[in-house]
Amino acid sequence: MCGIVGYVGTRDAVEVLLDGLRRLEYRGYDSAGVAVLGPRGVEVRRVQGKLSVLREKLAKDPLRGSPGIGHTRWATHGRPSDENAHPHTVDGVSVVHNGIIENYRQLREELLEQGCRFASETDTEIFAHLISRALQDGSTDLEAAVRRTLVRIKGTYALVVLSASEPERLVVAKNASPLVLGLGEGEQFVASDIPAILPYTRSMVFLEEGEVAVVEAGGARLSTLDGSPVQRLPRSIEWSPVQAERGGFKHFMLKEIFEQPRALTDTLRGRFSVADGQVALAGLSLERSTLQAIQRIYILACGTSWHAGLVGRLLIESFARIPTEVDLAHEFRYRDPVLGPGTLVVGISQSGETADTLAAVRMAREQRAEVVAICNVVDSSLARLSSNVIYTHAGPEIGVASTKAFTSQIGALCLLALHLGQQTDRLGAEQIRSSLEALMQLPEEMDRTLKLLDAPIRSMARRYLSTRHFLFLGRGFNHPIALEGALKLKEISYIHAEGYAAGEMKHGPIALIDEAMPVLVLAPKGSHYDKIVGNLQETKARGAKVIAVATVGDHLIAELADDLLQVPDVAGPFQPLVTVLPLQLLAYHMADLRGTDVDQPRNLAKSVTVE
Numbered sequence: 028m029c030g031i032v033g034y035v036g037t038r039d040a041v042e043v044l045l046d047g048l049r050r051l052e053y054r055g056y057d058s059a060g061v062a063v064l065g066p067r068g069v070e071v072r073r074v075q076g077k078l079s080v081l082r083e084k085l086a087k088d089p090l091r092g093s094p095g096i097g098h099t100r101w102a103t104h105g106r107p108s109d110e111n112a113h114p115h116t117v118d119g120v121s122v123v124h125n126g127i128i129e130n131y132r133q134l135r136e137e138l139l140e141q142g143c144r145f146a147s148e149t150d151t152e153i154f155a156h157l158i159s160r161a162l163q164d165g166s167t168d169l170e171a172a173v174r175r176t177l178v179r180i181k182g183t184y185a186l187v188v189l190s191a192s193e194p195e196r197l198v199v200a201k202n203a204s205p206l207v208l209g210l211g212e213g214e215q216f217v218a219s220d221i222p223a224i225l226p227y228t229r230s231m232v233f234l235e236e237g238e239v240a241v242v243e244a245g246g247a248r249l250s251t252l253d254g255s256p257v258q259r260l261p262r263s264i265e266w267s268p269v270q271a272e273r274g275g276f277k278h279f280m281l282k283e284i285f286e287q288p289r290a291l292t293d294t295l296r297g298r299f300s301v302a303d304g305q306v307a308l309a310g311l312s313l314e315r316s317t318l319q320a321i322q323r324i325y326i327l328a329c330g331t332s333w334h335a336g337l338v339g340r341l342l343i344e345s346f347a348r349i350p351t352e353v354d355l356a357h358e359f360r361y362r363d364p365v366l367g368p369g370t371l372v373v374g375i376s377q378s379g380e381t382a383d384t385l386a387a388v389r390m391a392r393e394q395r396a397e398v399v400a401i402c403n404v405v406d407s408s409l410a411r412l413s414s415n416v417i418y419t420h421a422g423p424e425i426g427v428a429s430t431k432a433f434t435s436q437i438g439a440l441c442l443l444a445l446h447l448g449q450q451t452d453r454l455g456a457e458q459i460r461s462s463l464e465a466l467m468q469l470p471e472e473m474d475r476t477l478k479l480l481d482a483p484i485r486s487m488a489r490r491y492l493s494t495r496h497f498l499f500l501g502r503g504f505n506h507p508i509a510l511e512g513a514l515k516l517k518e519i520s521y522i523h524a525e526g527y528a529a530g531e532m533k534h535g536p537i538a539l540i541d542e543a544m545p546v547l548v549l550a551p552k553g554s555h556y557d558k559i560v561g562n563l564q565e566t567k568a569r570g571a572k573v574i575a576v577a578t579v580g581d582h583l584i585a586e587l588a589d590d591l592l593q594v595p596d597v598a599g600p601f602q603p604l605v606t607v608l609p610l611q612l613l614a615y616h617m618a619d620l621r622g623t624d625v626d627q628p629r630n631l632a633k634s635v636t637v638e
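To convert, count from 1 in the sequence shown and add 27; that's the working numbering.
For the record, the hints were derived by calculation from the structure and aren't laboratory data. Check the hints yourself; a few may be wrong.
[Stated by the list, open to error] Here are the computed distance ranges between Cβ atoms for each label pair:
| hint | residue 1 | residue 2 | range |
| --- | --- | --- | --- |
| 1 | Leu-620 | Gln-468 | 24 to 34 angstroms |
| 2 | Asp-624 | Gln-394 | 39 to 49 angstroms |
| 3 | Asp-118 | Arg-392 | 36 to 46 angstroms |
| 4 | Glu-542 | Asn-130 | 52 to 62 angstroms |
| 5 | Arg-262 | Arg-392 | 18 to 28 angstroms |
| 6 | Arg-323 | Arg-82 | 49 to 59 angstroms |
| 7 | Gln-458 | Arg-323 | 20 to 30 angstroms |
| 8 | Ala-302 | Val-365 | 33 to 43 angstroms |
| 9 | His-496 | Phe-145 | 55 to 65 angstroms |
| 10 | Ala-302 | Ser-554 | 26 to 36 angstroms |
| 11 | Pro-368 | Gln-458 | 49 to 59 angstroms |
| 12 | Leu-583 | Arg-362 | 37 to 47 angstroms |
Think of the CB as a built atom: it goes at the ideal place given N, C-alpha and C, for glycine as much as any other residue.
Could you build all of it, start to finish, from the sequences and the hints given here?
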């Protein structure tokens with residue numbers, strides 16, 4: 028969730044670092060800083076607040092030189108402050124770090140007893156002290172000092188170290204937090220995510236768990252923690268930095284909402300044949316016999332990806348008739364689940380770096396479960412951890428509140444469910460063909476829906492700006508969408524919202540419904556229609572303002588609702604791909620009209636890479 032950038036080369040490091048950190052602002056952060064090796068040794072500038080504050084400080088007190096390291100921090104150990112901002116520097120050793128040192132209290136107490144003085148409340152400062160002390164005995168170089176330090180660390184890290192004692196290199200290391208090297212000519216780059224360095228190079232090397240790299244202007248040398256050399260060819264990144272620009276939209280989130288038809292098309296493209304009634308997922312290496320032996324599926328995810336997983340469960344049970352459970356990854360990993368042969372685990376993460384999902388998938392692999400990853404980032408940790416990967420091809424998602432990644436995940440889950448149904452002989456070619464034909468129509472339907480609803484929803488949102496609480500209700504495939512709609516609203520507008528299965532309304536939430544509690548009801552035509560109409564009437568009877576998402580041409584809902592948002596008539600399993608659209612637009616316009624930071628909501632980060 029924090030951002031890291033490093034540079035070694037002939038350019039002035041500060042501008043490269045600031046430019047890279049700016050491209051990582053989507054991760055969320057509360058402080059920022061840089062360290063550069065210049066004529067006066069290692070110098071540091073760091074501030075609480077945004078990069079604009081750091082730029083102001085550098086304008087008054089500039090830095091020059093190379094190499095350099097930079098960081099944007101989201102507070103874990105220690106409050107947001109200048110002192111707790113990275114980089115942390117001790118005796119010419121400066122470090123930036125993403126992750127958490129789990130045994131930092133023990134190490135801190137040990138260092139205090141040895142006479143060390145700490146300048147911050149962070150766990151990261153431990154690295155600077157340990158590396159500095161390892162260098163002071165004169166028997167080791169920077170790389171060896173970093174290795175000696177890492178052996179003592181329990182926890183997660185993406186670490187970059189700069190030292191005045193070795194002015195021509197950076198030493199970097201990775202364990203469970205993402206880190207990528209960018210290879211240039213006569214200059215090298217380090218970052219926690221690709222967008223930071225993509226303007227400078229497309230040639231990238233991704234560090235694996237427990238690896239260390241020495242980065243110099245002429246190149247990078249990789250090895251394992253025990254010193255064994257590692258040879259890895261770089262990958263060429265194909266997507267352009269232009270994809271990360273707003274393209275005329277006011278916010279990245281709005282741009283990404285409107286990119287969903289294209290993202291879904293790209294996710295589906297080349298993965299099925301309507302004529303043959305076949306789904307072909309190239310990223311799956313599971314044999315037909317293995318799939319036929321699956322007795323249970325666990326879908327593991329967090330946040331919005333968990334909501335996609337809830338839709339996935341219904342899809343898989345509907346199409347493939349395989350019992351499926353959906354777990355929050357951070358709960359699953361601690362509940363001693365029963366896994367093993369006959370179990371398929373599906374891990375979902377937009378970034379592929381969600382710490383809890385990674386840990387849960389590792390545990391599943393240790394218990395011999397088959398694993399499939401659904402993620403958006405090529406060569407992410409989740410993709411590398413899993414032997415089977417379905418990439419969503421949504422492109423870079425910059426807004427912290429996920430939109431196009433969510434609908435792309437549902438698209439990937441549709442294909443997985445159909446593939447499982449096909450391989451287990453529970454679906455015939457004609458059934459698959461009709462489902463694929465329906466899927467093919469959805470991008471166009473989504474595009475039309477977004478264009479029709481955007482302006483009316485903005486107008487409607489103005490009437491609810493003073494609202495303090497919202498209730499979202501849905502049934503069947505639209506229950507997860509009620510949860511997702513409520514999450515989006517509270518994430519970016521800071522309005523309290525709850526999503527519920529509509530049948531649960533009389534088991535508690537109905538006590539809250541009155542004239543001050545708007546209720547958004549997902550009521551498209553389908554098998555749950557009569558029941559959801561009854562729920563809608565119950566809310567109206569208690570004086571609530573009702574916003575209804577209904578199928579085009581539904582006159583009954585039009586008469587009952589105070590505000591009507593119409594979506595196309597879509598088959599039940601695929602309804603989430605259209606019913607979520609007005610909820611995303613409502614959350615966006617409510618937040619924008621309230622003046623919140625839509626793309627970087629407070630206290631949130633794009634990739635939750637620590638527990």
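A quick look at each hint next to the structure:
no., hint, result
1, Leu-620 - Gln-468: 24 to 34 angstroms, "holds (33 angstroms)"
2, Asp-624 - Gln-394: 39 to 49 angstroms, "holds (42 angstroms)"
3, Asp-118 - Arg-392: 36 to 46 angstroms, "holds (42 angstroms)"
4, Glu-542 - Asn-130: 52 to 62 angstroms, "holds (54 angstroms)"
5, Arg-262 - Arg-392: 18 to 28 angstroms, "holds (23 angstroms)"
6, Arg-323 - Arg-82: 49 to 59 angstroms, "holds (53 angstroms)"
7, Gln-458 - Arg-323: 20 to 30 angstroms, "holds (23 angstroms)"
8, Ala-302 - Val-365: 33 to 43 angstroms, "holds (42 angstroms)"
9, His-496 - Phe-145: 55 to 65 angstroms, "violated (44 angstroms)"
10, Ala-302 - Ser-554: 26 to 36 angstroms, "holds (30 angstroms)"
11, Pro-368 - Gln-458: 49 to 59 angstroms, "violated (29 angstroms)"
12, Leu-583 - Arg-362: 37 to 47 angstroms, "holds (44 angstroms)"
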